[in-house]
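Chain residues, written in single-letter form:
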Amino acid sequence: MSARTDSVLIVALVAALLLGSSAAYAIAPEQMPTPQLETRYLALIQGFRCMQCQDESLADSPVDLAADMRRQIRDMLLAGRTDQQIRDFMVSRYGYFILFKPPFVPKTAWLWLTPGVVLLIGVIAALTVIRRRAALAATDLEDNDLTDA
Amino acid sequence: MSRLRFVIPLGVFALLVVVLAVGIQQSPDKDLIPSPLIGKPAPEFSLPSLTDPAQRVSSGQLLGHWYLFNVWGTWCVSCREEHEMLLKIKQSGVIPLVGLDWKDDRDDALSFLKDAGNPYATIAVDHDGSEAIMWGVYGAPETFLVNPQGIVTYKYIGPITQQAWEREILPRLPMGRTPAMPSSS
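Note that the protein sequences, when read in sequence, are chains A and B.
According to this note's numbering, the stretch in the first sequence is residues 1 to 149, in order.
According to this note's numbering, the stretch in the second sequence is residues 1 to 185, in order.
Worth flagging that the hints you see were computed from the coordinates, not collected in a lab.
No residue lacks a Cβ here, since even glycine has one placed at the ideal position from N, Cα and C.
Restraint ranges, calculated between C-beta atoms of paired labels, are given here:
1. A/Gly-95 <-> B/Asp-128: 19 to 25 Å
2. B/Thr-153 <-> A/Leu-119: 41 to 47 Å
3. B/Arg-5 <-> A/Ala-138: 19 to 25 Å
4. B/Ile-38 <-> A/Ser-57: 22 to 28 Å
5. B/His-127 <-> A/Val-118: 49 to 55 Å
6. A/Ala-125 <-> B/Glu-168: 45 to 51 Å
7. B/Leu-16 <-> A/Ala-134: 28 to 34 Å
8. B/Arg-56 <-> A/Gly-116: 49 to 55 Å
9. A/Gln-84 <-> B/Pro-171: 34 to 40 Å
10. A/Pro-35 <-> B/Pro-171: 50 to 56 Å
Can you make the complete structure from the sequences, with help from the hints?
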């Protein structure tokens with residue numbers, strides 16, 4: 001590519017950015033410079049809750065605040081921050097509520113452990129019942145044998 | 001034993017009802033999300049002043065004073081609702097209000113303050129919304145109480161009412177700083 005096409009591209013890119021920032025877009029396909037950054041960006045914005053429309057992710061939300069937060073995440077990615085640093089930043093401002101997948105910390109331990117505990121209780125109960133039934137069936141058979149004899 | 005077999009599922013069900021009922025009762029209002037900033041230093045900032053863009057409003061200037069950091073915008077209906085209360089707070093002289101004009105039009109903001117009165121000691125401009133994210137703001141108006149050490153001690157979400165001022169904000173200020181109450185006339 002020649003230097004001239006390069007500069008044309010840059011001018012076009014800058015123009016697009018300037019226009020994009022003033023337009024009231026809903027969910028614009030915000031491009032990242034490399035496919036790797038794009039993948040990380042998309043994964044990140046899908047993992048954060050939009051604080052205004054709380055059942056939507058930042059990726060899906062058309063509100064202004066979500067656009068501002070996507071821009072914040074984009075800026076941090078471009079500045080070379082890791083995914084974890086970006087997640088920590090968002091949590092430090094908005095709390096764990098912003099994460100769709102809550103982390104495993106003491107406060108949320110019950111949330112993660114309850115399904116396992118309930119499953120364990122269920123398995124133990126099922127095993128007890130099955131064993132008792134099996135034992136009952138066995139004695140029935142013996143009884144039958146006796147009566148038949 | 002055979003009787004107990006009917007009681008156990010009932011007991012489990014009753015327990016579940018209690019757990020879920022408590023969960024529903026205790027669950028905080030979905031609109032009021034507690035701020036992780038409470039007890040932590042307020043975000044550092046240096047932003048242009050609304051009234052004089054050549055001047056800057058910075059967190060450093062505010063150290064050493066209690067202040068209320070109020071996020072507002074002329075586009076925000078609840079902020080207009082709150083405005084009269086802010087004027088009363090200013091009148092009381094108890095604590096200065098520092099405004100953050102969030103994603104607003106400068107001319108709109110200035111003409112609004114000219115018409116309705118300006119309750120703020122100083123107003124910083126957050127033109128693109130990035131400062132609001134630093135404070136974890138998700139809807140205006142939101143108000144932060146900051147102490148002289150620059151620590152956020154409380155956050156109030158929504159328009160400040162007379163009741164909120166008397167019950168939530170005033171009691172959090174040090175003793176002896178609660179003179180003339182804003183009259184509710």
